[in-house]
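J.: Listed here are the chains, written in short residue letters.
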Amino acid sequence: MAEPLHALTALGHAAPKTVTIGAVSIIERFDVALASLAIRKGREAEVRALAAKAGLPLPDPARFAAGPSFSAFWVAPDMWFVEADHSTHEDIAGALKPLFGDAASITEQTDAWVRFDLRAEDLQGLLERLSNVDFARAADGFASRTVIEHIGCYLIRHGAGSVTLYGPRSSAASLLHALEVTAHSIA
Amino acid sequence: MIINHPILGPRDAQEFVYLGDAALINRPDGMTAGIEAFHDYLYVRDNPAGEHRELWYHEQGDRSWLVVTRNTVTHEIIKVELARDVAKAAGRTK
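First to last, the sequence lines map onto chains E and X.
All residue numbers for the first sequence refer to this note's numbering, where the first residue is 3 and numbers rise by one.
All residue numbers for the second sequence refer to this note's numbering, where the first residue is 12 and numbers rise by one.
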């Protein structure tokens, strides 16, 4: 009998990895579903009304906002990434499409990215070595694309000691290596 | 060099990729405009010492195309606009 198939994490393991180096914890997240939502031409008012009805926030540029079942961060004009709990929204694109019909383009993103949550008392020392984001001056809820060791990532600041990073899944190990090396250098 | 992105505010020029003369937005219709117009579009560029309108792509940011008006002598950036706004203002529909 065939072995049942098990999903692997972006790092190729059965379970997500957590690394603690000095004061910094790097937590791989495997439990968040991700999709992109882009407003189709001329449909902005409609999409905003439907999103409000569904409790899906559509934050301002360079911002993240949390909602009851969906959270979202801005990635480009008229475009957001939407997060949801993987256990209830494994098929997140399938859950979003009926909400918006043909007013928005929804694309599954879950398996294109690796997500690392960073935790420390203050992450400034780590992030100022890795990215050009002015982390100390960014407000909580700041979300931006940035470059970490030549890898294009999305960085979301939830607090001075709490950050979410999304990097390309195919570079998951390289991104983790960059984070680990930098964490060691300040440990 | 800092580019003052119209949506995101001041951003390091390292985040951007330079394409060239903003006249590239005005591509002639290859089927009707004739070979001369297309040749000029493809190969002929002004190279002014002074104010120049350029296309920049925010690759490591929000992936928007910008029209940056820059003085090529002093490197002063005079104006930054979203390329789609520039195209729309010129009567383009896409």
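Keep in mind that a hint or two might mislead.
What the hints assert, rightly or not - Anything over 12 Å on all C-beta distances counts as not near chain X; from chain E, calculated: (1) 25; (2) 43; (3) 63; (4) 90; (5) 113; (6) 134; (7) 136; (8) 149; (9) 182.
Claimed, not checked - A few chain X residues facing chain E, derived, Cβ under 10 Å: (10) 15; (11) 22; (12) 23; (13) 30; (14) 70; (15) 74; (16) 75; (17) 87; (18) 91; (19) 95; (20) 98; (21) 100.
If you're looking for bench data, these hints aren't it; they were derived computationally from the structure.
Backbone N, C-alpha and C define an ideal beta-carbon position, used for all residues, glycine too.
J.: For every hint, state whether the structure bears it out.
T.: Comparing the hints with the structure gives:
no. : hint : in the structure
1   : 25   : holds, 28 Å
2   : 43   : violated, 8 Å
3   : 63   : violated, 5 Å
4   : 90   : holds, 30 Å
5   : 113  : holds, 21 Å
6   : 134  : violated, 5 Å
7   : 136  : violated, 10 Å
8   : 149  : violated, 5 Å
9   : 182  : holds, 22 Å
10  : 15   : violated, 14 Å
11  : 22   : holds, 9 Å
12  : 23   : holds, 5 Å
13  : 30   : violated, 18 Å
14  : 70   : holds, 8 Å
15  : 74   : holds, 5 Å
16  : 75   : holds, 6 Å
17  : 87   : violated, 22 Å
18  : 91   : violated, 14 Å
19  : 95   : holds, 8 Å
20  : 98   : violated, 13 Å
21  : 100  : violated, 16 Å
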